[in-house]
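Quick note, the sequences are listed as chains A, B and C, same order. For what it's worth, the UniProt record's numbering labels the leading residue of the first sequence as 1, then goes sequentially. For what it's worth, the UniProt record's numbering labels the leading residue of the second sequence as 1, then goes sequentially. For what it's worth, the UniProt record's numbering labels the leading residue of the third sequence as 1, then goes sequentially.
Hints are not guaranteed to be accurate.
Copies of the same chain are indistinguishable here, so a pair counts whether it falls within one copy or spans any two.
Said to hold, decoys possible - The calculated DMTMM-like cross-link candidates involving lysine to aspartate or glutamate, where the alpha carbons are at most 20 Å apart (straight line), are:
(1) K256 to D219
(2) K32 to D125
(3) K153 to D181
(4) K96 to D125
(5) K256 to E226
(6) K128 to E34
(7) K49 to E34
(8) K128 to D92
(9) K224 to E255
(10) K49 to D176
(11) K57 to D92
(12) K259 to D219
(13) K251 to E225
(14) K57 to E225
(15) K251 to E161
(16) K128 to D35
(17) K49 to E142
(18) K96 to D35
(19) K49 to D181
In case anyone wonders, no lab produced these hints; they're calculated from the structure. If you're wondering where the values come from, they're calculated on a predicted model, not measured in any experiment.
Spelled out, the chains give:
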Amino acid sequence: MKTFAATLFSFCLFAGAAAAQTPVGGANAMVKPEDIHAVAPALEGYAQKFVVEDLWKRPGLSRRDRGIVTVAALIARDQTIELRHYLALALDNGVKPSEISEIITHLAFYTGWANAMDAIPAARDVFKSRNIGRDQLPPLSEPQLPLNEAAEKQRATRVGEQFGQITPSLVQYTTDALFRDLWLRPALAPRDRSLVTVSALIATGQVAQITYHLNRAMDNGLTKEEAGEVLGHLAFYAGWPNAFSAAQVIKDVIEKRSK
Amino acid sequence: MKTFAATLFSFCLFAGAAAAQTPVGGANAMVKPEDIHAVAPALEGYAQKFVVEDLWKRPGLSRRDRGIVTVAALIARDQTIELRHYLALALDNGVKPSEISEIITHLAFYTGWANAMDAIPAARDVFKSRNIGRDQLPPLSEPQLPLNEAAEKQRATRVGEQFGQITPSLVQYTTDALFRDLWLRPALAPRDRSLVTVSALIATGQVAQITYHLNRAMDNGLTKEEAGEVLGHLAFYAGWPNAFSAAQVIKDVIEKRSK
Amino acid sequence: MKTFAATLFSFCLFAGAAAAQTPVGGANAMVKPEDIHAVAPALEGYAQKFVVEDLWKRPGLSRRDRGIVTVAALIARDQTIELRHYLALALDNGVKPSEISEIITHLAFYTGWANAMDAIPAARDVFKSRNIGRDQLPPLSEPQLPLNEAAEKQRATRVGEQFGQITPSLVQYTTDALFRDLWLRPALAPRDRSLVTVSALIATGQVAQITYHLNRAMDNGLTKEEAGEVLGHLAFYAGWPNAFSAAQVIKDVIEKRSK
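In isolation and in its complexed conformation, chain A is listed as follows (with noise of 0.2 Å):
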C-alpha cells in the first residue's frame, strides 16, 4: 500500500505527504498539487490515468528497475526538485541506500561532475528523514568485483588504438577510472550499473552511446523485454522525442544480437 501511495504522490504531489518525507522549503522546493490545479489541472488526470495506474503497474520492468531509470533520468537531466520524491520512491520499492550512493557516484563519470553534485542534496534529505547513516553506504574499500581481463584488454587496446593518439588523457582515464575501478565496486550490480547508463543515455539524447552500453546492459543480464520498457517509462520522464531516439538504436542492437 505505501507504494501505491508513493507513486500516486509522485505526479499528484499531495504536499502533505511529499513535505513529511523532504523536509526543504524555498525555491527548490516540489510543486504543490493545488498550484498544479491553478495552472494545468489537465496534468493530474493523465498522470492518474497513463503513470499511476499502467505505466508503474506494467510487467515486464519491475517497479524498482523503474525506480532506478527514474532517478538515473533525473540526475542525467539534472532536475533536482522531482528528484527528491523519486529516491524515496526508489527506497519504497527495494532500491537500497548503498545503491542510491553508487548511482550518484556512477553518473558523476557518466553525466558529468556537477549533476552529481546537485544530486546530494536532495539525497542528503531524503536520507536524513528515513535515518539512513553511513553504515548503510558502500564502505570506502572493498574488495573489486572479478575483472573479465581478456575481455578489458581488448575494450583497451580498441579504444587505444582509435583514440590514442588524439586524446591520450580521455583514453587512459576510461580504461583506470572507469574499467578497472568504478565499473568493478560492488555496491551496485553490473547490470544495475548499465541499465543507469543506458537511462542516463536515452534521457539525455546521446543516442551514438547507446550502442556500446545497450549490448554491455544485455551481456550484463538485461533482457530485451525490459528494454523496451525503459523506453515506454522514459518517454514520460524524459520526453517522447529522446525515446524516439533511441528506439531506433536499441532496434538495431536487439536485431543484430538475434542474429
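With chain A held as given, fit chains B and C onto it using these hints.
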C-alpha cells in the same frame, strides 16, 4: 506601448517592473540590471540592438508566435528563472492563459514530466499577479477536435511495424496518450501545438525528430517563412549551434515539400 | 599554494573556504563536504585521485585553459551552483575578470541567452567578494580586432547560399551579431573565444557544430594536443559519453588537417 516595454524588460530586466509582475525572491529571482552591469555590461547593448529593436519586431513571425516559441524553448531547456518574464510577455502579446496551460501540459509529454512540473511555479505566480483563475484554464473535459482516422491509422501502423516488437509500451502510449488524446485537446490549435513541439525540438538539439514534426506543423498551417523565423529567433534563445544544426533539417523538409 | 588549495576545494568543497569566497545560502548554496560524506563518500576519493592530483596537473593544457574550459562547460550546461567555485578557480589561475565577463557574453550567443543570465548571479558574487569593479570589465565600446574581410566574405557567401532562402534572419544575425561584432571584441583573444565555443559544444553534445569550430580554433592557435586534453578534461565535467561522442569528430578534423 505595454508590449514594447515588456520586450524591453525581457533583456534589460528592470527589477521594478519584473518584481511587480512576478513577486518572487531568493535564489530563483530574476537577475537585476545592476547585476548585469556588474558582470557583462555588453549584454545590455546587444539585447537592445539585436533583440528588442530588431528580432521581436521582424515580420514573418507574429509577436504572439514569438512568445509561444520562447516559452516552449525555456520550458524544454528547464530554464525557469527567465521563464517568468516570458510567460508575462506571451500573455501581453495575445497568448491566452488557457494556451499557456496547454503548452505546459503538451511539453510534459514532449520534453519530460519534470520540465512541466518545474514550469508550474513560474506560471502560478504570473497567473496570480494577473488574477487569472481556474475559469480561464481549459476545462477538465471538453469535446475533442475531430480526428483524421485514416491518417492516424496509417501513422499507428507505420510506427507499430517499426517499433511494436521492440517497445510495445512506447507504441501503445503514443497512440493512446498522444495522438488519440493530447493532440485532440481543443485548448491549443494544432498549428500552435506543432509550433510548440518544433520549438522544443530545435531548442534541445533533437534534430532527428524535427522532420516528422515540421512536416506535421506545415500540414497544420505553419508557413515556411515562419519556420525560418523560428530558427532566427531560437538562435538567441537556445544558442546559435542549435539553430544551425536544425537549419539543415528544416531546409531538407522545405525543399522536399516544394517538389 | 593558493591555486592548489583552490583545486582541492573544487571537489572537496570545504564549506569554510567556499563560503568565504561566495557568500550565498539557501537552495543554491554549494554542497557541503559533510553532505557528500552522508550520501556518496566515494566521490571524494575519486576527486582527489583523478581530478585534483592528476587531471588539473597534467601538462598539455594550462591551468588557465582548464579554468576557461570548465567555466564554459558549466555555463553551457546551466549548472550554476558549481559555477561559483570554478569562476573563483579560473580567476586564481590567471583568467582576467574582463575575460570572465566576455566568456559570459560570448555564451549568451553560443548557448542561449538564459544561460548567460543564469550565470550572472554567480559571477556577481565572486566579483564582489574580490572587489572586482566595473573598471576591470571590458569597456562598452573599444576598437574591434582586425577582420579578415576575404575569409569573412567567403564564410558569409557559403552560409548565405546554404541557408539564405530558408532562414534569412539567422543568416543575417550570424553576420551582423557574431562575425562582424562579437568575434571582433578584443577582451577575449580569438583563440580563447574558440576554446570557449568548442568546450560548450562538447559539453552539450552538439557534435554537428564541432567540425567548423574546431577548425576555426586551430586556425586561431589551439594545438591538437590541447584539443585532446580538453576532451579528457570534459569527460569529468560533462560526462564520458559527451567526451567520446566528440572524440570521433575531433579525430576526423585533426587527421584531415594533417593531410
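For each hint, the structure was consulted:
1. In this homomeric assembly, K256 and D219 come within 20 Å of each other (Cα to Cα) only inside a single copy, at 14 Å, whereas the closest approach across copies is 36 Å.
2. Taking the shortest Cα distances, K32 and D125 sit within 20 Å of each other both inside one copy (18 Å) and across copies (13 Å).
3. Within a single copy, K153 and D181 get their C-alpha atoms as close as 14 Å, which meets the 20 Å cut-off; across copies the closest is 51 Å, which misses it.
4. For the homomeric pair K96 and D125, the shortest alpha-carbon distance inside one copy (16 Å) is at most 20 Å, but the shortest distance between copies (38 Å) is not.
5. For the homomeric pair K256 and E226, the shortest alpha-carbon distance inside one copy (17 Å) is at most 20 Å, but the shortest distance between copies (38 Å) is not.
6. Taking the closest pair of Cα atoms, K128 and E34 come within 20 Å of each other only across two copies (12 Å); inside a single copy the shortest separation is 27 Å, beyond that limit.
7. Taking the shortest Cα distances, K49 and E34 sit within 20 Å of each other inside one copy (19 Å), while across copies they are farther apart (41 Å).
8. When the C-alpha separation of K128 and D92 is checked against a cutoff of 20 Å, the pair qualifies only within one copy, where the shortest distance is 15 Å, while the shortest distance between copies is 36 Å.
9. For the homomeric pair K224 and E255, the shortest alpha-carbon distance inside one copy (10 Å) is at most 20 Å, but the shortest distance between copies (38 Å) is not.
10. Taking the shortest Cα distances, K49 and D176 sit within 20 Å of each other only across copies (11 Å), while inside one copy they are farther apart (47 Å).
11. Proximity of K57 to D92 under the C-alpha cut-off of 20 Å is restricted to the intra-copy arrangement: shortest distance 15 Å within a copy versus 43 Å between copies.
12. Taking the shortest Cα distances, K259 and D219 sit within 20 Å of each other inside one copy (15 Å), while across copies they are farther apart (40 Å).
13. In this homomeric assembly, K251 and E225 come within 20 Å of each other (Cα to Cα) only inside a single copy, at 11 Å, whereas the closest approach across copies is 36 Å.
14. Within a single copy, K57 and E225 get their C-alpha atoms as close as 15 Å, which meets the 20 Å cut-off; across copies the closest is 46 Å, which misses it.
15. Only between protomers do K251 and E161 lie at most 20 Å apart by alpha-carbon distance; the minimum there is 12 Å, versus 28 Å within a single protomer.
16. Proximity of K128 to D35 under the C-alpha cut-off of 20 Å is restricted to the inter-copy arrangement: shortest distance 10 Å between copies versus 27 Å within a copy.
17. For the identical chains of this complex, K49 and E142 are inter-copy neighbours only, at 17 Å across copies versus 45 Å inside a copy, given an alpha-carbon limit of 20 Å.
18. Only between protomers do K96 and D35 lie at most 20 Å apart by alpha-carbon distance; the minimum there is 18 Å, versus 32 Å within a single protomer.
19. In this homomeric assembly, K49 and D181 come within 20 Å of each other (Cα to Cα) only across copies, at 12 Å, whereas the closest approach inside a single copy is 43 Å.
Going down the numbered hints, you'll see the structure goes against none, and every one checks out.
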